[in-house]
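Chains as they are written, first to last, in the working numbering: chain R, 1 to 231; chain V, 232 to 526.
Quick caveat, the hints were computed from the structure, so don't treat them as lab data. There's no promise every hint is true.
What the hints assert, rightly or not - The calculated DMTMM-like cross-link candidates involving lysine to aspartate or glutamate, where the alpha carbons are at most 25 Å apart (straight line), are:
no., chain 1, residue 1, chain 2, residue 2
1, R, 46, V, 444
2, R, 46, V, 522
3, R, 46, V, 295
4, V, 316, V, 299
5, R, 70, V, 522
6, V, 294, V, 277
7, R, 110, V, 522
8, R, 70, V, 444
9, R, 46, V, 317
10, R, 70, V, 317
11, R, 137, V, 433
12, V, 359, V, 433
13, V, 391, V, 317
14, R, 27, R, 182
15, V, 294, V, 281
16, R, 178, R, 20
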Amino acid sequence: MIELYHLSKIYEREIVALADINLKVNKGEFVYITGPSGAGKTTLLKLLFVAERPSGGQILIGGRNISRIKARDIPYLRRQIGVVFQDFKLIPYWTVFQNIAFVLEIMGAKRKEIRRRVRETLKRVQLHHRIDSYPLKLSGGEQQRIAIARALINQPQILLADEPTGNLDPDITHEIIKFFVEINDRGTTVLFATHDRNLIATYPRRVVALNQGRLVSDSEESSSGFKLGEF
Amino acid sequence: MRLGFAFRLFWQNFRANQNLNFLSIGIITFAFFILGLFLLVAKNLELVVEKWGEQIQLVIFLKENVQEQTLKALKQRLEEREEVKEISYITKEEALARLRKILGARSGLLEGLERNPLPASFEIQLNKKYRNLDFIQSLALELKTEPAVEEVFYGQQWLKNFLTLVRIFRILTLAIGGLIFLAGGFIIYNTVKLTVYSRREEIGIMKLVGATDHFLRIPFLLEGITQAVSASLLSLFLLWVFWLIVHRGLEVPFQLFALSGISFLDSGQILGMIASAGVLGILGSMVSFQEFLRV
Numbered sequence: 001m002i003e004l005y006h007l008s009k010i011y012e013r014e015i016v017a018l019a020d021i022n023l024k025v026n027k028g029e030f031v032y033i034t035g036p037s038g039a040g041k042t043t044l045l046k047l048l049f050v051a052e053r054p055s056g057g058q059i060l061i062g063g064r065n066i067s068r069i070k071a072r073d074i075p076y077l078r079r080q081i082g083v084v085f086q087d088f089k090l091i092p093y094w095t096v097f098q099n100i101a102f103v104l105e106i107m108g109a110k111r112k113e114i115r116r117r118v119r120e121t122l123k124r125v126q127l128h129h130r131i132d133s134y135p136l137k138l139s140g141g142e143q144q145r146i147a148i149a150r151a152l153i154n155q156p157q158i159l160l161a162d163e164p165t166g167n168l169d170p171d172i173t174h175e176i177i178k179f180f181v182e183i184n185d186r187g188t189t190v191l192f193a194t195h196d197r198n199l200i201a202t203y204p205r206r207v208v209a210l211n212q213g214r215l216v217s218d219s220e221e222s223s224s225g226f227k228l229g230e231f
Numbered sequence: 232m233r234l235g236f237a238f239r240l241f242w243q244n245f246r247a248n249q250n251l252n253f254l255s256i257g258i259i260t261f262a263f264f265i266l267g268l269f270l271l272v273a274k275n276l277e278l279v280v281e282k283w284g285e286q287i288q289l290v291i292f293l294k295e296n297v298q299e300q301t302l303k304a305l306k307q308r309l310e311e312r313e314e315v316k317e318i319s320y321i322t323k324e325e326a327l328a329r330l331r332k333i334l335g336a337r338s339g340l341l342e343g344l345e346r347n348p349l350p351a352s353f354e355i356q357l358n359k360k361y362r363n364l365d366f367i368q369s370l371a372l373e374l375k376t377e378p379a380v381e382e383v384f385y386g387q388q389w390l391k392n393f394l395t396l397v398r399i400f401r402i403l404t405l406a407i408g409g410l411i412f413l414a415g416g417f418i419i420y421n422t423v424k425l426t427v428y429s430r431r432e433e434i435g436i437m438k439l440v441g442a443t444d445h446f447l448r449i450p451f452l453l454e455g456i457t458q459a460v461s462a463s464l465l466s467l468f469l470l471w472v473f474w475l476i477v478h479r480g481l482e483v484p485f486q487l488f489a490l491s492g493i494s495f496l497d498s499g500q501i502l503g504m505i506a507s508a509g510v511l512g513i514l515g516s517m518v519s520f521q522e523f524l525r526v
């Protein structure tokens with residue numbers, strides 16, 4: 001599903017964010033991308049939804065090389081990938097409905113269809129009663145569930161999450177991760193960036209660890225088993 | 232993209248950012264008001280200049296005892312010339328009566344005269360495009376050769392000064408007008424740009440969930456145009472109110488405008504202002520879109 005070959009990202013003044021990353025994520029996998037702050041987790045995800053361009057190497061998504069994707073094709077790629085951010089990235093003056101419906105509006109879906117799908121998706125994240133609320137009236141956990149609903153509305157094959165629980169209480173963190181697990185159970189490939197070791201210990205999945213831009217361990221390839229203490 | 236959704240998105244954004252939009256409209260209105268005010272002043276000064284120009288005339292003083300037939304023939308020849316707008320014949324008696332009127336209380340001075348010393352004359356008003364010094368000079372020379380003509384007078388020095396003043400006025404109008412237009416345009420363009428800039432985060436979010444630039448451009452274009460055009464309409468209204476006040480209250484004290492009156496902008500200028508608002512709105516939102524929103 002996702003293949004990275006010798007992927008690197010170097011910012012101005014020779015700041016190396018990622019160096020020689022090789023990684024293969026299969027369809028339907030759930031992978032934690034972990035590592036300390038500045039390890040390159042966010043950069044890796046940004047390269048996958050083309051918010052950044054790689055300095056070297058190749059990125060293949062579903063067999064398609066997106067390293068040199070044309071600017072005009074980026075929006076269409078993004079519509080196939082759901083992304084959830086730590087800061088939710090909801091538009092504050094739009095209602096919950098408008099925030100989620102926008103994804104379908106830009107694809108030209110019919111009004112009736114949009115209404116039906118938004119309601120269904122909100123039910124999945126158990127917030128259908130909040131359909132007309134504004135994001136700032138909701139708790140952090142609720143806002144993140146809205147962001148998840150927005151990422152899911154288009155039934156993407158891949159879901160990228162950049163520290164989605166970073167701003168949330170432990171109780172709510174568990175609530176949110178359960179959604180990701182459930183989404184993954186339904187067949188969506190999930191890449192979940194986090195530095196929360198407890199979370200990984202509670203919901204163990206494949207763990208790819210980065211440090212200073214390098215891939216330092218991958219639990220799938222480690223014969224002796226992955227130890228959380230390695231990062 | 233469905234246009235209906237573009238309009239909905241535009242309206243949604245416009246309402247949600249009311250304060251910012253009203254502030255922008257306020258600033259743009261002010262810039263347009265200054266532009267309009269300049270146009271109004273320039274236009275009215277031009278009208279004054281034009282009215283003064285109409286007073287440029289040649290006076291042909293005639294010799295004594297010219298036969299009536301010769302006078303008639305001369306008048307007819309002058310009337311037939313395309314540069315002559317109007318010609319009137321002033322008899323010796325009329326000339327004396329005018330002088331008496333001008334002297335007013337001192338007209339008694341004229342009582343001692345044995346005979347009327349003033350000559351009869353033709354007063355010629357020229358069409359607009361012939362009101363320049365070179366032409367008037369050559370015409371005066373030509374008329375002087377007529378056997379019935381004693382002297383041709385056209386206020387040489389006054390005319391020279393007046394025409395120089397008109398030239399300076401037009402150069403100044405162009406220079407100041409150009410500067411005000413540039414400054415006003417810059418303010419309007421930048422205000423629209425700032426509105427888009429202040430929303431870069433939301434636009435970034437929309438792009439991250441797969442909106443194309445083309446999709447987002449339309450609502451922002453509409454917003455830029457709405458801001459600039461509504462501000463231009465508002466400024467025209469304010470300008471009209473201002474004009475009404477000046478027109479009613481100050482016309483008489485302003486001797487400068489006594490001849491021409493004070494008129495409002497003509498339909499071409501009004502349409503020009505609204506159209507330039509539209510263009511600036513489009514430019515402002517397009518450029519800021521390209522500049523800030525590479526997500």
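Structure-based check of each hint:
Restraint check: the Cα-Cα separation between residue 46 of chain R and residue 444 of chain V comes to about 19 Å, which is no more than 25 Å; the hinted pair holds. For the proposed pair residue 46 of chain R and residue 522 of chain V, the alpha carbon gap of about 21 Å is at most 25 Å, so the pair holds. Between residue 46 of chain R and residue 295 of chain V, the direct Cα distance comes to roughly 102 Å. Violation of the 25 Å bound is thereby established for this hinted pair. Among the hinted pairs, residue 316 of chain V with residue 299 of chain V is consistent with the structure: their alpha-carbon atoms are about 23 Å apart, no more than 25 Å.
Pair hint residue 70 of chain R plus residue 522 of chain V holds up; C-alpha atoms about 19 Å apart against a cutoff of 25 Å. For the hint pairing residue 294 of chain V with residue 277 of chain V, the CA-to-CA distance comes to about 38 Å; that exceeds 25 Å, so the pair is violated. At roughly 33 Å between alpha-carbon atoms, residue 110 of chain R and residue 522 of chain V are farther apart than 25 Å, so this suggested pair is violated. Pair hint residue 70 of chain R plus residue 444 of chain V holds up; C-alpha atoms about 13 Å apart against a cutoff of 25 Å.
Distance hint between residue 46 of chain R and residue 317 of chain V is unfulfilled; the C-alpha atoms sit about 82 Å from each other, more than 25 Å. Taken as a hint, the residue 70 of chain R and residue 317 of chain V pair is broken in the structure, with Cα atoms around 73 Å apart against an allowance of 25 Å. Between residue 137 of chain R and residue 433 of chain V the alpha-carbon distance is near 18 Å, which keeps this suggested pair within the 25 Å criterion. The straight-line distance between the Cα atoms of residue 359 of chain V and residue 433 of chain V is roughly 59 Å, outside the 25 Å bound, and the hint therefore fails.
Restraint check for residue 391 of chain V and residue 317 of chain V: satisfied, since their Cα atoms lie roughly 22 Å apart, inside the 25 Å limit. Between residue 27 of chain R and residue 182 of chain R the CA atoms are separated by roughly 15 Å; this keeps the pair inside 25 Å, and the hint holds. Between residue 294 of chain V and residue 281 of chain V, the direct Cα distance comes to roughly 33 Å. Violation of the 25 Å bound is thereby established for this hinted pair. For the suggested pair residue 178 of chain R and residue 20 of chain R, the alpha carbons sit about 32 Å apart, so the restraint of at most 25 Å is broken.
Hint compliance for this structure: hints 3, 6, 7, 9, 10, 12, 15 and 16 are broken, all remaining hints hold.
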